[in-house]
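There are 2 protein chains.
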Amino acid sequence: MGRWEPNARGRLAEAALELYSERGFEQTTVAEIAKRAGLTERTYFRHYADKREVLFGGTELQDLLVEAAAGAPESMAPVDVLAVGLDAISGMFEDRRAYARRRQAVIIANAELRERELIKLASLSAALAGTLRRRGVPEPAASLTAEAGVAVFKVGFERWIAESEERGMAPVMRELLDELKSVARGGHGA
Amino acid sequence: MGRWEPNARGRLAEAALELYSERGFEQTTVAEIAKRAGLTERTYFRHYADKREVLFGGTELQDLLVEAAAGAPESMAPVDVLAVGLDAISGMFEDRRAYARRRQAVIIANAELRERELIKLASLSAALAGTLRRRGVPEPAASLTAEAGVAVFKVGFERWIAESEERGMAPVMRELLDELKSVARGGHGA
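Going down the list, the sequences are from chains C and B.
Residue numbers for the first sequence follow the working numbering, so the first one is 1 and each next one is one higher.
Residue numbers for the second sequence follow the working numbering, so the first one is 1001 and each next one is one higher.
Derived by calculation from the structure, the hints in this document are not laboratory data.
Every value quoted in this text rests on a predicted model; they were computed, and no experiment measured them.
You may find that some hints are simply not true.
[Stated by the list, open to error] Restricting the straight-line Cα-Cα distance to at most 20 Å, the calculated cross-link-like pairs of lysine to aspartate or glutamate (EDC-like) are:
1) C:K181 <-> B:E1018
2) C:K51 <-> B:E1112
3) B:K1181 <-> C:E112
4) B:K1120 <-> C:E112
5) B:K1154 <-> B:E1026
6) B:K1154 <-> C:E115
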């Protein structure tokens, strides 16, 4: 096989999720994931640093969020920058709800994966706070806005993958951000 | 030594922090912590499940927050319940700033400890969301308020332990909660 593998990342992610669902995370090796994807272990490690990372897509989510936030109009209020960022992220997930649901079941079942998820969310928050500071938002508003944004994303993501939810991610995120605004104003929850 | 050791928890926490600061977290054993505290390993494990937990005080913080939130007046808006909870937590930390600063330096230096901290914050959020739901706050407002509350606590805690900060924790937390409200209203940060 050549160095370039069509959609190697996606094939590895799908193979990993299949194996983690069938056998459990602990019982699966990188060699098995690569084999199922029709790729080599070497290719795996070109794309993902370890066995956990394959479920978190590297820095794709963070890059999208940061790029969208950095590119928002200069005068925009931080909370509206959040809305722009959440919209951008939502686009990336649009066709992935079935995958996201299966993935969540695997993550919930494994403490190491739950830890990695929390670390990813903390990195996301730190990266967004940095972007807001570069936009001129002072501290502690920058960190607080970023943490609140990640809170919306976290709760919104869980809602979006719920069995009963049929809306796309973008409207779910917008609803959650509105709910946060309402709660902050002293509302009791819709 | 008898089964009851005066302030065993506090002595173990202080001994652990000293050793983690001096030698590093990895290089310290539970036996050494117990010895430095003048206690036995057995006593250590009566109080803390593992080597990390000694820096996180078990469930003390969570219990305080949940108790305060559960006991707030029935008609109180979720965001005001947050304020009550943050006030209660702040009381517990009042005399511990020097300890908190040393502890933070140790946690920042170790990935395992950073992970445990994130897990603790996630548990705190889940417990608070449960309390809010029991108070009649619907989802997703309950989870969102809890996540926002933990965001305020996280950013406020970092601010409170900053070298330049001289105010107590309670006013710092109140300021951060006000900042969150302002950001949610479309403010640009104080």
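Next on the checklist: Please list, smallest to largest, the hint numbers that this structure does not respect.
Outcome noted: Failing hints, ascending: 1, 3 and 5.
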